[in-house]
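Peer 1: Chain by chain, the residues run as shown.
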Amino acid sequence: MAPIDRKFIERALASPVTRRKFLQGLLVSGALASMPGGLLKAVTSEAGITYEGKYQVFRNACPRNCYDTCSIKTYVKDGVVQFIEGAPESTFTAGALCVKGFSYWRRAYSPDRIKYPMVQQGRGSGNWKRVSWDEAMTRIAKKILEIKKKDDSLLGLGLTKYSGNFGITNYGVEGMMSSLGYTTRFVGTPCWPAGIDAQNYDLGNMWCNDPEDFVHARYAILWGANPAWCSVHTMKFIYEAQERGAKLVVVDPVFSQTAAKADEYWRPNTGQDGALALGMCRHILDKGMYDKEFVTQHAVGFEEFAEYLRREVTVEWAAQKSGIPAQDIAKVAEEFATAKPATIWIGYGLQRHVNGGAMVRAIDALVAMTGNVGKVGGGARYGHLYTWGFNYHALIQKQPEGSKGYVGATGPMGEFDTGQGAKAAKYSDRAVNINQTARMILETNDPPVRMLWVSCKNPFSQDFDLTMLKKAFKKLEMVVVVDQFYNQTVEQADIVLPVTTLLEEWTQNVSYWHYWMSLNEQAIKPMFESKSNIEIAALLSAKMNQLSPGSCTFSPKLNSKKWMEMEFNKGIYDLFGIKSWQDLRKGPVKAKLASSAAWHDYKFKTPSGKYEFKSDLCKEHGHQALPEYLANRKPYAPYRLLTPHSKFNIHSQFQNLDWMAEFNPEPFVYINPKLAAKKGIADGSLVKLSSKVGEMQIKAKLTDNVAPDTLLMYEGWFNKNPYNVQNMVDDTSADMGKWKTGAPGVAIHDQFCDVNPA
Amino acid sequence: MSKKQAGFYIDAQRCIGCYSCAMACKNQYHQEPGVHWRYVYPLKEEIYPHRERAWMSLACNHCEHPTCLEVCPVEAYYKREKDGVVVHEQEKCIGCQNCIRSCPYGAPRFNPARHQAEKCSMCYQRLDAGLKPACVQGCPTYALQFIEDMASFDQSGKVQYLAGFPRFPELNPSVRFRPPREPREVRR
Ligand code: SF4
Ligand code: SF4
Ligand code: SF4
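From first to last, the protein sequence lines are chains A and B.
In terms of our numbering, the first sequence opens at residue 1 and continues consecutively.
In terms of our numbering, the second sequence opens at residue 1 and continues consecutively.
So here's chain A without its partners, still in its complex pose:
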């Protein structure tokens, strides 16, 4: 019986959460009255589950920050979700979902949800008191009016919002802020900023091939990307390419699940990907294997780049920097240059370094000089916003008459900002760096950030340097958090407002990876007293105007469906080949693309209109004009600490659900057996990690999936577990990101720590 894990049966037998206990828990929490009864019933395998005409079927779309942005079909009976599946109409989703997707409705119905507006007496005290929506709004509105009176502006009101829900109506949160006046906005993105800037310097935009055209690749390098965990649906296209004879190379400091599927896996020194790419470029140059037509007809600056390579780069140098032997670099370089088409998927991992932007530019250059840009099955794939052409009415709101704000220019307001930053007004919002939330709260004055509104975000699990963040929150006079669960940020709130899940609201979604668009219908009535972000904005607006007429311009009459309808336009309809949003009831639709290849017409959006190996703009912005090697961060502790995504959560979402906890009950730090032996650490034993910003204790798992000088922990939020990787991670900036997203990226993977038995 060796391989079958009897533990799971035993655990089931000993499960403390019997149905009776579960019911009791619900009674105590008062949730039972509003829990739909059918929900609590497990279905037996022969209970006669039926498929024909017994369900109301709704269309939903996963709004999380995930490449796959799945199209979902939701089956509802008697107002209760019975099960969900991936929409079969989308050739990308193709009927499947990831493990998180399949647990979705467990989230909507979780007894742990925040059910009512609640007020906490003393942040972190857990001393919560239920209040009515009216009372919550009165308290909030009064505070906003108080700030306005005190400062003569609303810059003391800060908004930190990110990607917790990309359903486009959720931009109503930004709209609500603008409706109140000029406020302080945490702008930028922790995700992909350095790479966005890099691709904009090289190509003039970030635009990637349709992932479904992976099947045409004859050679693929997945560089710092782990789709087996972060884009499960793309794997089938990669497999098909392999089955058609393509070679798959994976480059990653971790032997990831994707690496296990590769034909060849490289584990270079972390942060030396730039050297590796440049070494390959040099070898291809020496062998004359570059695409002469592309570099002369469609590019500028290749000669200067070639000269730099001849002067500064050798394959041996790249080998010494990266730890990958020279003959392997040369071999893969030649294979990559000869296979047509060949592609590289640049993951968001490798640009989370102080030299991240420079490394992305080096990889872009490798793809470009081999003539693979603009080719079906080729391309330097990073992401795109090609299908994001909505109206953003919810986002674009007018400040009340006489509002005062920040005087002077501000940059873009985040990567999904559609030209908001460009408007010429006397006043503007005050933009501060989202990747330094703690620092910005502490350092911003005249006026200070007095009140913080948090939505679609869990800063205490996702922002950097937790010690500083705790200190920063002490400076805030009021914290309002809009969320679904009592997470670590909610613990630090004064007022928490329950927000709807995707199943309870209208919205729509597109992806930054594939080219499908999905409608998200309200499949069930909002649970408990939850409201959508749009409804919350409307409610606050009504209250503001009741207390002080004319103080908020957000329309209290429109609901999330109306807002959704207003977001469509002719451009979107034409791009997707539909006449009305109602057509999406029948299923998701895909953008009509002239080619599956980005840049197929070689009309680059750079100043020169060509691919720019040499970018003067990049130089103007304080970087190197050429994709030159940039050194990585000096270690400040003995071991490198990596904190990437897990397959069981998206940032801090999903892991707290009971079903997810069954498959992944507790977090670990992953340590190479060699390092463990040196330190006297046994598999499963408790260890202490310490870095310059904090420390924590956690169980160790020994594995050679990580290098001996590296420690690995997955980010996430476990319900009722103090685990938090942000204890260990500081807020050092990446090189690029400021230009396009308003703030530089953050060097999440340039982190170091020590480890010892606890």
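You can take every hint at face value.
Listed next, the in silico SDA-like pairs over lysine to any residue satisfying Cα-Cα at most 25 Å (straight line):
#1 A:K701 <-> B:H50
#2 A:K236 <-> B:P179
#3 B:K82 <-> B:E148
#4 A:K679 <-> A:P708
#5 A:K525 <-> B:H30
#6 B:K44 <-> A:A677
It should be emphasised that the hints constitute simulated quantities derived from the structure, not laboratory data.
With chain A fixed as given, assemble chain B with the ligands onto it according to the hints.
Peer 2: Structure of chain B with the ligands alone, referenced to chain A:
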């Protein structure tokens, strides 16, 4: 003998251990907390030399000669004539756990809330409606597939007993595997 024997094909080279199949099953049947009819097992490092990087997705194997069926004192099990699916009738089950003890694959699970056994039924109602089992449809990589008839399944490159999957020829489990490969590795 049934007319046909349906089964599962587990392509361990394609499988990424994502647990979608297991969660798709919970999504379809709302199993009690702690109960899974399908589970994804990592292959031990002696078999695949990297921890948690190769997997076996297992549920009931709908054996040709099911021991669960033989040991059940109240005949709560039957094997469908048309496709060999082994069905457990929960309404008859008295919770004696004989099946749980006898199945060497750990397929029947004890439901503590109902005090009964339960297990994968290959979603036979879905099969009858012309659909794939929920886990199969839910697998994003096509690693888990439905075999309509073992007799006509192309066996080339496939094995019945993947290393780590216990060998019980007398049951003749209706599963086939493709073993996982390893990449060539270049490590500093
Ligand atoms: S998290 Fe990603 S893969 Fe999972 S359901 Fe959502 S979009 Fe799909
Ligand atoms: S795997 Fe176990 S439960 Fe399934 S048919 Fe075979 S003996 Fe019965
Ligand atoms: S869903 Fe498919 S790929 Fe994922 S664990 Fe199950 S069999 Fe493997």
